[in-house]
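Number of protein chains: 2
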Amino acid sequence: MVLGVFNNSSTPAQLRAACRSAAFSGHTSGLAERHVQGNVTILPQALAADFLLYCQRNPKPCPLLARGEPGQPGLPALGVDIDMRSDLPRYRVWRDGILVAEPTDIADLWQDDFVSFVLGCSFSFEQALMDEGIRLRHVEHGRNVAMYRTNLATAGAGPFEGPLVVSMRPLSAADAIRAVQITSRYPAVHGAPVHLGDPAQIGIADLAHPDYGDAVDVLPGEVPVFWACGVTPQAALVQAAPPLAITHAPGCMLVTDLLNHQLAAF
Amino acid sequence: MVLGVFNNSSTPAQLRAACRSAAFSGHTSGLAERHVQGNVTILPQALAADFLLYCQRNPKPCPLLARGEPGQPGLPALGVDIDMRSDLPRYRVWRDGILVAEPTDIADLWQDDFVSFVLGCSFSFEQALMDEGIRLRHVEHGRNVAMYRTNLATAGAGPFEGPLVVSMRPLSAADAIRAVQITSRYPAVHGAPVHLGDPAQIGIADLAHPDYGDAVDVLPGEVPVFWACGVTPQAALVQAAPPLAITHAPGCMLVTDLLNHQLAAF
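Going line by line, the protein sequences match chains A and B.
In the numbering used here, each residue's number is its place in the first sequence (first place is 1) plus 827.
In the numbering used here, each residue's number is its place in the second sequence (first place is 1) plus 827.
No incorrect hints appear here.
Heads up, simulated SDA-like pairs for lysine to any residue below, C-alpha to C-alpha not over 25 angstroms straight-line:
#1 A:887 to B:1009
#2 A:887 to B:955
#3 A:887 to B:960
#4 B:887 to A:961
#5 B:887 to A:1012
#6 B:887 to A:960
#7 B:887 to A:1048
#8 B:887 to A:958
#9 A:887 to B:1005
#10 A:887 to B:957
Residues of chain A placed beyond 12 angstroms of chain B at every Cβ, according to the derived structure:
#11 840
#12 957
#13 963
#14 986
#15 988
#16 1068
Keep in mind that the hints were calculated from the coordinates and are not lab data.
For every residue, glycine included, the Cβ atom is placed at its ideal position computed from N, Cα and C.
Work out the full structure: start from the sequences and follow the hints.
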């Protein structure tokens, strides 16, 4: 990690170039401020139609920003110079649903039939919340957000199915209301919360033990607020267990040229 | 009450004409469907500037739709034929902050310095909620909404001050989120909720004992959701105790020519 060089005023192209040269392989949270970052899934074309349908049927956890052309590593809708083989800080390689490697480059794995999917990510709406003065404890504590598998099923498509995964942020009641308003403006990055209040209603037994990420305190008077999470499609991918699939490594997102505010619906 | 004649397809002008002739003196809930109904306050001009400022400082409980000219009983912004002396089904007359009469007409009390204020009313946002499929228990049970004095102070102006009064509707978490979205579109009729969840946080000791209106059950799994309420300025008026003031009687609103959807902010 060379965070001294790459910071919140780096341009997306600078960050991607640093990823490409392997000069940077760290988390992208807070970098290239105000730019949209994306969850990445790369699949062989035989699975791409079903994955696209899975995204279409589950737009809150899987808000699709862009789909690449088969075999094409470029994704010009999100940045003219993007090369999906090298422009993420770190990847995860999955074989038969098992994590087998975390390389910084996938040029050697790239196939003529690979199709890239980039989904919106909560970093965009978290920026919007913080811009409105809403404090996010996990950000202030430098932790990953707490995520939980729920008992809500996603709508399946082909081999892709599984539970809705949610992220949770504890907020005061007034901030929870404001957060519904603010995140409703951003359907392309998960949009409004899917639940608030009692975690048991969506099958979460214990907030202190998240399935992914780090636990965060819920203080007296705070309401836990739950958003659909981009880990949902990763869980569906593990369940589908295709022979080969590639995703971003946690927190190592694709930094795009889009600005967060360009995604605002109103 | 002649509800057989006046129903949800009556026009606002028909309803006002029936009020004017004293043929109708009942509650206006559900009548003249889709039209904006308003809370009414009529004050001598000496108090009108402070009341206007009170509304400006407290837009959530006091969303001002129109203010009349001193001494003028018309309010053309809300309906060309409106006569504030006769067009409400029933009025309340307050002397020194004490309720002294509930007439169906105030022509004999009208003064050359009277100024009328019409504030947005929750009937408009309730219609919007029901149009989106959100069920409101107090409506289904034919009761008045439950209202509570909170420990939140309004911003005072001259003699007008007092607690924020809120109305409460119990909703599922998913409906509560949707209700924030829907009512945010209607800032002119109280807008988004001011609180949800724990009533004690805003000084409400017992939901089963509302200060105004009728209690409503909060079922397991439901979240109480609280909106700023048009009773707030009436409470401020009682506290200010002017020599003479006139309001609508509870539930007996001014039916205007505006359509609810005309108030939608986006």
